[in-house]
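Peer 1: Chain residues, written in single-letter form:
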Amino acid sequence: MRVGSRQDATAHYSAVERFPRYTMNIEIIMPQMGESVAEGTVVTWLKKVGQRVAKDEPLVAITTDKVDVEIPSPGAGVVSKILVHEGRAAPVGAVLAYISELAVAEEASAGSPIAAMSDITQAMPAVSSPGPRPEAWYSPSVLHLAEEHGVDLSQVRGTGSEGRVTRKDILDFIGKEPSVTPASPRGGPQPSGPAVEDQIIPISHLRRTIAENMVRSKQTAPHVTQIHEVDVTKIAGYREANKEAFFERTGINLTFLPFVVKATVDALQAHPLLNASYADEGIVVRKAVNIGLAVALEDGLIVPVLRDADKKNFLTLAKESAHLAARAREKRLNPEEVQKGTFTVNNLGAFGALIGTPIIVQPQVGILGFGRVVKRPVVIDDTIAIRSMAYLCLSYDHRLIDGAYAGAFLNRVQANLEGFDVSIVE
Amino acid sequence: MEITYLEAIRQALWEEMDRDDQVFMLGQDIGVYGGAFKVTKGFLEKFGPERVIDTPLSESAIVGAAIGAALMGMRPVVEMQFADFISCAFDQVVNMAAKQHYRLGEPVPLVIRAPYGGGIHAGPYHSQSPEAWFFHVAGLKLVAPSTPRDAKGLLKAAIRDPNPVIYFEHKYLYRHMKGEVADGDDLVPIGKAEVKRPGSSVSVITYGAMVQQSLGAAERLMPEGIDLEVVDLRTLQPLDMATILASVEKTGRAMVVHEAPKTGGIGGDIAARLAEEAFRYLDAPILRVAAPHTPFPFSPVLEEAYLPNADKIALKARELANF
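If you read the protein sequences in the order shown, they are chains A and B. Under my numbering, the first residue of the first sequence is numbered 12, with each subsequent residue one higher. Under my numbering, the first residue of the second sequence is numbered 17, with each subsequent residue one higher.
Keep in mind that the hints were calculated from the coordinates and are not lab data. In this text the structure is predicted, and so the values were computed from the model without any measurement. Just so you know, nobody snuck in bad clues.
One side of the interface only, derived from the structure: several residues of chain B facing chain A at Cβ under 10 Å:
no. : residue
1   : Gly215
2   : Gly241
3   : Phe295
4   : Asp299
5   : Lys332
6   : Phe339
Here a beta-carbon is modelled for each residue, glycine too, at the ideal position from N, C-alpha and C.
With the rest of the complex left out, here is chain A (with noise of 0.2 Å):
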């Protein structure tokens, strides 16, 4: 068992001084970049140590899982010391680098200042406490916890800051070891390591954020997904018939998503419950009207957000939906473009998917989903007719909502395409 003596735990708890601490210097601080951001990476240092900078010029530039931004420097100087290196990723709030005042750089005498730049983790401990760092230690609770279940702690992963091992760690653990016995090969599906021929490609900051989002939605709320048929040939007639004056007029092209965004602001003012969060002091229901819009991007998605949507006319929306998801592409959205979202809206049909079952935006309660339009036949007053047919598939949280409800929402919906009445457009 590799659990130490409470004298030690005590010893490194006091040692624990998360920061170095230069108080002449001015730090340059990660930022937050939007409500939901937590970290950020840096992709370039804009002023290698050594070199000088002026207020408000672009210091470094870092990339988040929404947007790319450059920072300024907070005040002129020298730049002191990087503790984040580029391609590195750190929590909102941590110290990037040091902006001395001085013309003493501190590392500009080692010789290449690149090879002079030294990683946070192994900054801190030079600065905050003298003696080497352990490899491993132990919070008083995990200790306590591992002499009651009898773990073996050389046995739990650790997840917390410099892969400590944590109380959840620990309680994850016994709740997964059935017994007290070592971990040993076990029923089921074994994880299995990479073959020489493997290729393995790295996990982008983009795509790891997209994973955490996608397993929290899929934890955090039970999905049940609902599917309406939905027949737009009105629609489809009018695009036809007016999409090259639209683009003459407007620059963009007409798209049926500005048909589906209008026609679900109408039916979530119907139906609040949709347009809302599910929390621990009750169902919040939000005012403001914010269509998310999932865009394809080449590594991954976005979900851009067109704001106060319940107060925009037809031809705004079109506009600002095709300007989002341009922007998204380009990575040029601001943080405050990705944020607030009350409902989203997603083109299943843009890559050819007739039906679909969409992961809800925390925290967030529906997303919808709108099939490709293609043209069927459908039996009308008992003969058959071609019809330009689409599904609506609106995935919900079923903390809040049930079947019925959801049914009523998509009926609205449905009935705004169907009876689609060209006065919304002009």
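Given the coordinates of chain A, work out where chain B should sit on it, guided by the hints.
Peer 2: Just chain B, lined up with the frame of chain A:
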């Protein structure tokens, strides 16, 4: 019906004055002028000058007179115009009010209402949170409500308590905080904290105006999967350690938030008690979010930098949750 925090205090005073004619009020400009914040407007007309006494500008004399009356069986309620000026009455509070029961065996049923706290651009003499000075002194009870319901219920409980109670009422909350209160006697017991938001990731132990800010931080962190538990102390002395410990045993991570300076603040004492009594449950260092060790600034920009808020709390809570 929703009422303001200030209206809740006014209702508690009015109902207690009406209920018990031993209750009377004294303070600077509380009668004719109706109080600096208009809490006692209309009281002079209703209860008369013998029960609503405008005093000279001498905090020491006001508290001294109130202690005398309390020893004789009355139930005085003193209004400090600003909690900052309570230092002028320090000897009366600390050496007289707090100790007479221990010296003489006589109760001192005294309430001092202390309007405290910042966020109102009022500078160094009208913004402080001096609760820690009295936290150190045995023989006093301290309460600091965060909502109208608690404000009303705790003031009524304070007036009926046989001990000297300092009632810290937050000036920012006076008109910014609204909420439901029950009609009539809905007493909030002294010595009982309340979990204002249950959560699983981090226990945020706080009181007064920082309760709303902590709830704001919780809202902010929810989409990240960080689930804060907000424990509103409500009573600072005696501390409800049972509620604090139950929360920290559940989450394993604790932070204390108050707007008084960190140095020598109540947060340090709570952190120490958690280290003593909940060490085996702790999975991360105990953090404190509080004002810096410097006098309260006047400039609104500096005031914002000085006071904790939802952003600053969220930043530290995230660090703690990810530790």
